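There are 2 protein chains.
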Amino acid sequence: MKNIASNWFKSLQDKICLDLESLENQSILNEDQFRATSFTFTDWSRDGGGGGTMGVLRGGRVFEKAGVNFSAVHGQFPAEFASKIPGADKDPTFWASGISIVIHPRSPLVPIIHMNTRMIVTTKTWFGGGIDLTPVYPTDEDTEFFHSQVKNTCDQFDTSYYDKFKKSCDEYFYIHHRNEPRGVGGIFYDNLNSGNLEQDFEFSKAVGNLFINVYRPLVKKYFNIPWETAQTQDQLHKRAKYTEFNLIYDKGTEFGLKTGGNIEAIFVSLPPMASWQ
Amino acid sequence: MKNIASNWFKSLQDKICLDLESLENQSILNEDQFRATSFTFTDWSRDGGGGGTMGVLRGGRVFEKAGVNFSAVHGQFPAEFASKIPGADKDPTFWASGISIVIHPRSPLVPIIHMNTRMIVTTKTWFGGGIDLTPVYPTDEDTEFFHSQVKNTCDQFDTSYYDKFKKSCDEYFYIHHRNEPRGVGGIFYDNLNSGNLEQDFEFSKAVGNLFINVYRPLVKKYFNIPWETAQTQDQLHKRAKYTEFNLIYDKGTEFGLKTGGNIEAIFVSLPPMASWQ
Numbered sequence: 001m002k003n004i005a006s007n008w009f010k011s012l013q014d015k016i017c018l019d020l021e022s023l024e025n026q027s028i029l030n031e032d033q034f035r036a037t038s039f040t041f042t043d044w045s046r047d048g049g050g051g052g053t054m055g056v057l058r059g060g061r062v063f064e065k066a067g068v069n070f071s072a073v074h075g076q077f078p079a080e081f082a083s084k085i086p087g088a089d090k091d092p093t094f095w096a097s098g099i100s101i102v103i104h105p106r107s108p109l110v111p112i113i114h115m116n117t118r119m120i121v122t123t124k125t126w127f128g129g130g131i132d133l134t135p136v137y138p139t140d141e142d143t144e145f146f147h148s149q150v151k152n153t154c155d156q157f158d159t160s161y162y163d164k165f166k167k168s169c170d171e172y173f174y175i176h177h178r179n180e181p182r183g184v185g186g187i188f189y190d191n192l193n194s195g196n197l198e199q200d201f202e203f204s205k206a207v208g209n210l211f212i213n214v215y216r217p218l219v220k221k222y223f224n225i226p227w228e229t230a231q232t233q234d235q236l237h238k239r240a241k242y243t244e245f246n247l248i249y250d251k252g253t254e255f256g257l258k259t260g261g262n263i264e265a266i267f268v269s270l271p272p273m274a275s276w277q
Numbered sequence: 001m002k003n004i005a006s007n008w009f010k011s012l013q014d015k016i017c018l019d020l021e022s023l024e025n026q027s028i029l030n031e032d033q034f035r036a037t038s039f040t041f042t043d044w045s046r047d048g049g050g051g052g053t054m055g056v057l058r059g060g061r062v063f064e065k066a067g068v069n070f071s072a073v074h075g076q077f078p079a080e081f082a083s084k085i086p087g088a089d090k091d092p093t094f095w096a097s098g099i100s101i102v103i104h105p106r107s108p109l110v111p112i113i114h115m116n117t118r119m120i121v122t123t124k125t126w127f128g129g130g131i132d133l134t135p136v137y138p139t140d141e142d143t144e145f146f147h148s149q150v151k152n153t154c155d156q157f158d159t160s161y162y163d164k165f166k167k168s169c170d171e172y173f174y175i176h177h178r179n180e181p182r183g184v185g186g187i188f189y190d191n192l193n194s195g196n197l198e199q200d201f202e203f204s205k206a207v208g209n210l211f212i213n214v215y216r217p218l219v220k221k222y223f224n225i226p227w228e229t230a231q232t233q234d235q236l237h238k239r240a241k242y243t244e245f246n247l248i249y250d251k252g253t254e255f256g257l258k259t260g261g262n263i264e265a266i267f268v269s270l271p272p273m274a275s276w277q
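Those protein sequence lines, which keep their order, are chains A and B.
Counting in the numbering used here, the first sequence runs from 1 upward without gaps.
Counting in the numbering used here, the second sequence runs from 1 upward without gaps.
Mimicking SDA-like on lysine to any residue, the simulated pairs with C-alpha atoms at most 25 Å apart in a straight line are:
#1 A:K205 x A:N193
#2 B:K84 x A:H177
#3 A:K84 x B:F81
#4 A:K251 x B:T253
#5 B:K258 x A:E80
#6 A:K10 x A:L192
If the Cβ cut is set under 10 Å, some of the chain B residues that face chain A in the computed set are:
#7 R58
#8 N246
#9 L247
#10 T253
#11 G260
#12 F267
#13 M273
Just so you know, the hints here were simulated from the structure itself, not pulled from any lab data.
Predicted model only: the values in this text are computed from it and were never measured.
Beta carbons are placed, not taken as given, at the ideal position from N, Cα and C, and that holds for glycine.
Extracted from the complex, chain A is given alone in its bound form (with noise of 0.2 Å):
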C-alpha cells in the first residue's frame, strides 16, 4: 500500500501541475506584461531516507507563485518529535508520503489556496490532509461554493466527516496573535485510520481530486478581470498574515525546519512577496 499511495501522490503532482499550467494558458489577462509559464521540477534527497519532487511555477500569468510538492520520506524521528507522533513512542521508525500544494495567484481577486493529502506509517499507520481557502476578498457566493464541493467530497464516505473536519480546520489555520482566521475555512484531518485503510485511501484520493475541480471555477471566474493597484496592496497585506501563520503556528514547517528538511520545498509556500507597511 506503501507503493501504491506514494505512486498515486507522485501520479496527482503530475496532473495537477498540467492542469495548473493548462490554466495559465486559458488566460487572456495581461498578455503583454507575463508569458503563460510552465512547471519546473527539482528532485532533491534527504539525509535520513528518501526525498521528493518539489514543483514550482513563477511569475506567471494566473500564478505568480505556485508549489505542488511531492515527498516519499523514511527514517527515524528524532527523539523530541518521536514521542509526539503515534505509534512512534517507542520505534521512532516511519515512513510517509504526501503531495502539498500552495497557489499565491497574480490578481488579489483569485484566492489562495492550499491542499495536502499524506499517508504516514510509524507501528501504526494513518491518513492526513485537508483543503481549505484563503481569499483576500471572500464572497459568500464564493465561500459556500467552495465548502459545498467539499462537504460533497466527504459525504461520499462518512457524513460525520465534514463538520468534524471543518471544526480542526477553523481551529488549525487561527492566526491566533490577529485573533482572525486565516481565511474562509475548509477541512483538516490528520490520523485517519477507520478500521479500512483502503477507504481511507479512497478519501484521501477524493480529496486531492477535488482541488482542480473546486479551485478551476474560481481561478476562471476572476482570471480575466483586471484589478487596482490598491487591491494588489490588500492582496500584499493578506500574503503577510499567511506568512506569519506558516512561521509562527504551521506544525508542517516546524517539523521540516527542526529535522533538517529541505528549506526551498518547505517554503514554497510562502509568497512571491508581502508587504507589513
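Use these hints to put chain B onto chain A, whose structure you have.
For chain B alone, kept in the frame of chain A given last:
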C-alpha cells in the same frame, strides 16, 4: 531611577526620529519619485498597565520603513513567563521600559539596522539591549567600521563587554534553519546588573547614543548611489530571511504576541516588502 530611565528612552526616541528625518532631507536621490518623509507617532496603552509610543516613517526617500518604538509597561507576567524571568518566579510583578528600532532603508546598498535598550524591574533590576547590522552586501570596510565603533563604546565601560556581548549577538541572531547569521553581528546583552546600576544605565545610554553616530555615516556613504533592479531582488530576499528570524526565533516578538502586545508596534520591525521567490 525607573522614571529617569523611562524619560531618557522617550527622549532618545524623539532625538533619533529627528536625526533620521534629517537624513531623509539630505538625500538627493529619487527626488522625483519619493518625498522626504516624517515620522508618525501613535500612542497605545496596554491592557495590563502602561503603554507606549510607536514611531513609524513609511515610504520615505531614504527609509522605506523605519520603526522607532518607545514603551513603558508594568503589571504581572503571565504564569508561563514568570518562571523564566529572573526574580519573577515568586512575584510576577514587573516594570519594563525601553526603546526598540528597526530600519528598512529603500536602497539595497544601505544596511538594515536594529537597536534596542531596555530596563527591567522584577524583584531584581537589570538592563538589556544591543545593536546589530544586516547589510544586503556586507563589505569588510563597513563591518570593521561598525564593530570598531561598538567596541569603542563597550571599552569605555568594561573591556570584557565587547567580546562577551558580540558572542551573545552571534548566537542569538542566527537563522538556524538556514545555517547562517542574520547579519554581520554587533552586540547583544541581557540581565546586566554589574552591582553598579547607575553605570549599567550609562552603558545602555551609550549604546542608545551610538545608534545614530554609527548608522549616519553608513547611510550617507550609500544613500545617493543609484542601484539596479537585481539588487532590489537581493534586498527583498534578505528581508525575507530577516522576517523568518523575527517570526520564528525572536524572543521579543514571541513574548509580545503571546502576552497580547500591540501587534502594530511588534510588527513595525517587519519589512515593508519581502519576497520568497
